[in-house]
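Assemble the whole structure, with the sequences as input and the hints as a guide.
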Amino acid sequence: MEISLNQIKKNSFKSLIVVLLAFIIVLPIIALFVVSIGFDTTNFFYFADYLLLDYTLSTLYLLGLTIFFSFLFGIVPAWFISTSKFKGRRLYDLLLYLPLAIPTYIMAFSYGDILSFSGPFQSFVRDFIPSLTTLVNQDYLQIEVLSILLSFSLYPYLYAACRISFTLIGNNYINLSKNLGLNELKTFFKIGIPLSLPAIFSAIFLISMEVLNEYGAVSYFGINTYTSGIFRAWGSMADMETASLLAILLFLVVCFFFFIERWITNRYNYSFKSNSDLSPNFKNSSKKLILIHITSLIIIFAAFVIPILYMVNNIFVDFDNIDFFDVFKLSKNTIFISFIASILIILVVLFIQYVKRISNSKVLNVVGEIISLTYALPGAVIGISIILLFAPINDSLGFLLIGSIPVLVYAYFIRYMAVAVSPILTSFKKYPKKLDDAGKSIGLKPFQFFRKIFVPLNKNAIIIAFCICFVDIMKDLPLTLILRPFNFDTLATQTYEYAIEEMITKSSIYSLTIIIFGIILLSILSIKQSKK
Amino acid sequence: MFLKIKNLEKHYQKEKPLIKSLDFNVIKGDIVSFIGESGSGKTTFLRCLAGLEDINDGSIELNKVVLNSSKIFIESHKRKIGFVFQDYPLFPHLNVIDNITFNLDSNFKNKVSGILELTGLTDLTKRFPHELSGGEQQRVSIARAIIREPDLLLLDEPFSNLDSSIKLQIKNEIYNIIKTSGITTILVTHDIKESFSIADKILIFKAGVLQQYDEPFKIYCNPSNCYCAKALGDLNMINIASKIYYLRPENIRIVNNSNYKGIVNKCSFVGKEFQINASFFEENWILFSKNSFKAGCEIYISFNDNDLIQFDSNCDNYFTQPTREQ
Chain V
0 MEISLNQIKK NSFKSLIVVL LAFIIVLPII ALFVVSIGFD TTNFFYFADY LLLDYTLSTL
60 YLLGLTIFFS FLFGIVPAWF ISTSKFKGRR LYDLLLYLPL AIPTYIMAFS YGDILSFSGP
120 FQSFVRDFIP SLTTLVNQDY LQIEVLSILL SFSLYPYLYA ACRISFTLIG NNYINLSKNL
180 GLNELKTFFK IGIPLSLPAI FSAIFLISME VLNEYGAVSY FGINTYTSGI FRAWGSMADM
240 ETASLLAILL FLVVCFFFFI ERWITNRYNY SFKSNSDLSP NFKNSSKKLI LIHITSLIII
300 FAAFVIPILY MVNNIFVDFD NIDFFDVFKL SKNTIFISFI ASILIILVVL FIQYVKRISN
360 SKVLNVVGEI ISLTYALPGA VIGISIILLF APINDSLGFL LIGSIPVLVY AYFIRYMAVA
420 VSPILTSFKK YPKKLDDAGK SIGLKPFQFF RKIFVPLNKN AIIIAFCICF VDIMKDLPLT
480 LILRPFNFDT LATQTYEYAI EEMITKSSIY SLTIIIFGII LLSILSIKQS KK
Chain D
0 MFLKIKNLEK HYQKEKPLIK SLDFNVIKGD IVSFIGESGS GKTTFLRCLA GLEDINDGSI
60 ELNKVVLNSS KIFIESHKRK IGFVFQDYPL FPHLNVIDNI TFNLDSNFKN KVSGILELTG
120 LTDLTKRFPH ELSGGEQQRV SIARAIIREP DLLLLDEPFS NLDSSIKLQI KNEIYNIIKT
180 SGITTILVTH DIKESFSIAD KILIFKAGVL QQYDEPFKIY CNPSNCYCAK ALGDLNMINI
240 ASKIYYLRPE NIRIVNNSNY KGIVNKCSFV GKEFQINASF FEENWILFSK NSFKAGCEIY
300 ISFNDNDLIQ FDSNCDNYFT QPTREQ
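Chains as they are written, first to last, in numbering that gives the first Met the number 0: chain V, 0 to 531; chain D, 0 to 325.
Hint data in this document are derived by calculation from the structure and do not stem from the laboratory. In this text, a Cβ means the ideal position worked out from N, Cα and C, and glycines have one as well. Hints may be right or wrong, so weigh each one.
Straight-line C-alpha distance at most 20 Å; calculated SDA-like pairs for lysine to any residue [to be verified]:
#: 1; chain 1: V; residue 1: K84; chain 2: D; residue 2: E156
#: 2; chain 1: D; residue 1: K77; chain 2: V; residue 2: N182
#: 3; chain 1: V; residue 1: K84; chain 2: V; residue 2: K185
#: 4; chain 1: D; residue 1: K77; chain 2: D; residue 2: G113
#: 5; chain 1: V; residue 1: K282; chain 2: D; residue 2: Q12
#: 6; chain 1: D; residue 1: K70; chain 2: D; residue 2: H10
So the derived label-pair ranges between C-beta atoms look like this [stated by the list, open to error]:
#: 7; chain 1: V; residue 1: S284; chain 2: D; residue 2: E130; range: 38 to 44 Å
#: 8; chain 1: D; residue 1: S112; chain 2: V; residue 2: I293; range: 45 to 51 Å
#: 9; chain 1: V; residue 1: D53; chain 2: D; residue 2: K77; range: 53 to 59 Å
#: 10; chain 1: V; residue 1: F350; chain 2: D; residue 2: E74; range: 51 to 57 Å
#: 11; chain 1: V; residue 1: K361; chain 2: D; residue 2: I285; range: 53 to 59 Å
#: 12; chain 1: D; residue 1: G232; chain 2: V; residue 2: E368; range: 53 to 59 Å
#: 13; chain 1: D; residue 1: K108; chain 2: V; residue 2: F123; range: 54 to 60 Å
#: 14; chain 1: V; residue 1: L443; chain 2: D; residue 2: V254; range: 58 to 64 Å
#: 15; chain 1: D; residue 1: F287; chain 2: V; residue 2: D436; range: 39 to 45 Å
#: 16; chain 1: D; residue 1: D162; chain 2: V; residue 2: N182; range: 36 to 42 Å
#: 17; chain 1: V; residue 1: I293; chain 2: D; residue 2: K108; range: 35 to 41 Å
#: 18; chain 1: V; residue 1: L290; chain 2: D; residue 2: K77; range: 19 to 25 Å
#: 19; chain 1: V; residue 1: K86; chain 2: D; residue 2: D162; range: 43 to 49 Å
Encoded structure:
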């Protein structure tokens, strides 16, 4: 009895730490609401009367179009790769993931330049197909073009989710549909899509959050979204009060999307037995093979090969002017800050998830929900919240916390923690609670059990979580722009600054460095996932 | 013959054939049980019948139509074959009635109420798969297959995921449904008892080779080789006058005295009687008795000579079909 009481006390202590961590995570959001209560709302209401509708409509329009194009680019190849066997399938599979390594703003900067009057596309048409010159001489910095470019970078979320879902549906249902007389197209619409709805909605939610979070690309294209509004109010107009109230508005929009996603995912979360026969099943006619290759290659070329070639070409053109020392310095900064933040995130997530597992507390489940909401929060909201939280501390201490590395790491910690939760939690759930009981029965204390059994068992998931966090933090722009220390640049901020000054050629080396790091980590991730 | 399988061959790698020269016929309305170990090629054979796999040689003919041969391959949905897959997968996003009528030709729509009644699903039409028990899910799978009035029904391990407590009841229900609808059925199983209780004929399959195809009683009493004999029940080996014979446990009587003496190794209660493991002639035997015996005690047995089973020297080779001498 005494032992179990001690155990309860120890578990309660750990649970208390977890609740405290959750409090630290939501503290800036609490500060955002509390501090905003006393704000002068004159400017905000002026904004609401004259600009809010325009901002809302363009945000929703961009969101809708990006989801539509991501759907188009993500789902069709995912179906072909999951259900058909053909030469080059594995290579396509990897290449279709890789545009995830290209940040949305880099995609937008690159294509913005490629399609400009002096860019390679229009120059080529003028030189070789002069009859089309008038037709292609357009202003491409339009919201519709931006949505396509954003979906080039974001469709891999849908591709990855559908790829897993279509594969897990397996051959049972596909054989059954064949037996019941459905052709492949009908199987796709009547079985593939309905059974993958939860995965599709989760991916659409992630894409929506990325679009709401987007700053670099929308500001380059001059589109008014909530995030660009926050930056404009905070940066250009130095109006922190309006920026904060806009951040609250964006927070509420995100919460609305979050709960909608949760509701839809629960509503359509069918339980079905995934079967062990997951090999591709549909036969390929030559027409279908042509369709598969054309679809996959167009997406791979448009979303990956063309921007990469463009950047490589820029590097060769500008090779003599490249400051390699600066590239190295910024790479070091980027790796340093991404590494520190990712390690911190992984340690905290492991601790929280393990305590959740051993304590069975409902409070900790709520904590889990709070953490998963943080990824939905746009960087601009977190940035503004952190400024509001630390401004009084800055004033009272007399030194700058805002614009310091620890505060930037803290911001990353809040924004990207949820990214690490998913792979670790999924991996934890694979091992039954009996395993914990077995550990107890052979005398292992919880921490020993965690170190000797759980960490080795979940090694792949931990590496995957680390890679995803690292890539996301490395690509981050809004948070870094708001909270980076004075004179501290990362590859992302430097890319943005050159691009916004219309020095796209000069920004290419920084962009390509981010992409190369991203590709390396995504390849590790892909290998680990296939092992898993 | 309603279903004719002629010299069927199936392989994924030529040097490792899964099914070799399979040759048998099925009469209309019969239930044929396909028995074999895991990996023996049973499910592959069903997939060939259903048109989910192409055969490498031979032919499949159903109701006078060649479905598959070296030149012909009729696609799965054109074969008039209903397939109830293992684990009876139901579409989780559809309720019972939508599952049954999924992609159903309008000609069959008027059959729905009759099938629902036959399968006892009339009150469950609005339920989703996760709201059904294992037995109910299985009946929905069967209803979905038979509403299309197939010429042939294929059942892949239909009872493997059911609790033993409801297995017997479900088995009887399925038997009644199939027999009432009169559909020729092939069911694949590795459970011998299932086959005995439901099948008109049993086909024993080992390493891609047909071992024996006959009525259950005949196979049990007259197995074509050791594999078939052992597959259908326990067998005890006895050496009489330098010749090897086999005896089924139920054909052995325990008596007070005889020429055949053995030592009890273990005696365990198995329900209505005791199962005795004993040593006879340096062989381990299994026999049954109404009475219990202590380990180590001596027992005597007798049997009728007619119950002795003898095979030729090729008995253990299941790649050939040895003939029984008796």
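Worksheet item: Failing hints, ascending?
Response: 1, 4
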